[in-house]
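Position chain G against the provided structure of chain H, taking the given hints into account.
The primary structure of each chain is shown beneath.
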Amino acid sequence: MTALRPNGPKPSRLTVGRIGLYAFLIFSALFFLLPLYTMLVTSLKTMEEIRQGRIFALPGSLDFNAWKTAWSGACMGTQCLGVRLGFWNSVKITVPAVAISVFIGAINGYALSFWRPKGSGFLFGLLMAGGLIPYQIFLYPLVRLLANLSLYNSVAGVVLVHVIFGLPLVTLLFRNYFVAIPEELCKAARVDGAGFWRIFFEIMLPMSVPMVMVASIFQFTGIWNDFLIGLVFAGRDNLPMTVQLNNIVNTTMGERAYNVNMAATILTAIVPLAIYFFSGRWFVRGVAAGAVKG
Amino acid sequence: MQAKRRRSSAATIALLPTWIAAIFIYIGTMVWSVRLSFTDSTIFPSSNYVGFAQYARLFRTSRWLASLENVLIFGVLYVAGCLALGFVLAASLDRKVRFEAMFRTIFLYPYAMSFVVTGLIWQWMLNPTFGIQASVRALGWQNFAFDWIVSRDMAIYTVVFAGIWQGAGLVMVIALSGMRGIGEEQWKAAQIDGIPVWRIYLSIILPQLGPALAASSMLLSMGVIKTYDLVVALTGGGPGFSTEVPAKFIMDNLFERQNLGLASAGATVLVLSVVMAVAPFRYALYMRARRKGAQ
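Residue numbers (this note's numbering), protein chains in the order written: chain H, 1 to 294; chain G, 1 to 295.
Since the hints were made in silico from the structure, they are not lab data.
Just to be clear, a hint being listed does not mean it is correct.
[Claimed, not checked] Here are the simulated lysine-lysine pairs, DSSO-like style, with alpha carbons at most 30 Å apart:
1) G:Lys292 to H:Lys187
2) G:Lys226 to G:Lys96
3) H:Lys118 to G:Lys292
4) H:Lys92 to G:Lys226
5) H:Lys118 to H:Lys187
6) H:Lys68 to H:Lys92
The structure displayed is predicted, hence computed values, not measured ones.
With the rest of the complex left out, here is chain H:
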């Protein structure tokens, strides 16, 4: 991605056009922020306040009970354990899935760009085609396959599926990164007697730290935000946070605890949002790199 530096002449003074431009930007910013604001204020209200129906009004007093309930007491069917379990499930799924898929992606990219063993062009084409195909066609046979391997309804099974479905993207990212590195580097190391793995661990992996960052952020947010794979493969005890959240909000009996629901929603969004805010530049690079996928 190119540096984000503005083009065009520097505006000298405030004109009607400039005022209109800022008005548009501020209006747009409000549109994008409104849902986040609404969630936040709703989560801090009591149910009595919510029943008054003023969704955008500030809460009368700060009431953090909804947050406590969301974390450790919200009900999913008859179980009232909050999103806490889902949070830890998501961590248990996301961390190994990201680590393994990024590592395999780095190896793949390295092997595909510097070594090109027989059939590797075909493999790459296959992966790219696979990355475009809707998951629904893989799901049922994959469920049967994992059941036969005793991996169905387990964290390991979900991690495996995430790794498999992440292959196209991570491989593409690393291949494009390594292709831009001069081949002489690899050749020189080979002349010096270094083998496939030594070149990878001592030269290529340290060189690819920026891409490791981009791929990790991209995979982390993608896997944390996943719903479908967690729903199908995790099993009741290992449901990730997104699935649990949807169950809490959309299957409650009686009056909905909107404040608890919104607190739970924020809790689910908080990890990817934190990544987005703290890794801004890298996240944008990841998004832009992902766009190359087409």
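Below, chain G alone, put in the same frame as chain H:
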């Protein structure tokens, strides 16, 4: 010679897990599913082949037909909406505004979140008894109506709305980085000719963003056919099945309604439509690369 062979075998071994995944998972499970679509499988897979009967049944199912119509409406409006809003936001930010980084952060943050989260947020905002409608009525406009989410005819547009809110920032980032790659000279030339700024963006900048916008629309379109969690969280496919989408139809028939054959037929149709949509695009890219190579 000996050493060389050993080295290349290490590369082959390193790619082995990926080979296994590509052949057994990507190809193997797909073939398996396509085969199931020609059987009368219900809860368990059966090997009783019935030809295209499941496909015929699929296209007689009103819920499937509704889901196709919905995904078409959603897809066209969502991609067009994200492109339009994303481009306008990028062009605005390109005008050397103050606090550009802050605006960029605000426009992109929804993209970092799960579709489930987006769906639930908007479900709350669009709730007629508590949400935007109730708030505007409380301000005095007693007849104000914004109850799309509970209306059979309008609910699909709430899905579009939430989708654009989530995806416009992506286009903004890609378009903005494309705009920053366009040279200063073109700006100077256009301004000497006295062309207004909005015309420059529309007639000079926009055509040059072709590849960037093509990549964005490709990325967004891929999301369209996979759309599942947004609908599940926002409307659950309702009211009735007015926001049903193919991905959800297939999931319901696979895991709840136990129509394995029918669901597999649906999934096969979905894959075929992706192939048909992507093939011309790929072919164009391939031909362009070949022409470039020939020059």
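Hints, verified against the model:
Of the supplied pair hints, the one linking Lys292 of chain G and Lys187 of chain H holds, its CA atoms being roughly 29 Å apart against a limit of 30 Å. A hinted pair counts as satisfied when its Cα atoms are at most 30 Å apart, and Lys226 of chain G with Lys96 of chain G does not qualify at roughly 37 Å. Restraint check for Lys118 of chain H and Lys292 of chain G: the C-alpha separation of about 26 Å stays at or below 30 Å, so the hint holds. Pair hint Lys92 of chain H plus Lys226 of chain G holds up; C-alpha atoms about 25 Å apart against a cutoff of 30 Å.
Note on Lys118 of chain H and Lys187 of chain H: the hinted pairing holds, with a Cα-Cα distance of about 18 Å set against a maximum of 30 Å. Restraint check for Lys68 of chain H and Lys92 of chain H: the C-alpha separation of about 22 Å stays at or below 30 Å, so the hint holds.
Violation of the numbered hints given earlier is confined to hint 2; every other hint is satisfied by the structure.
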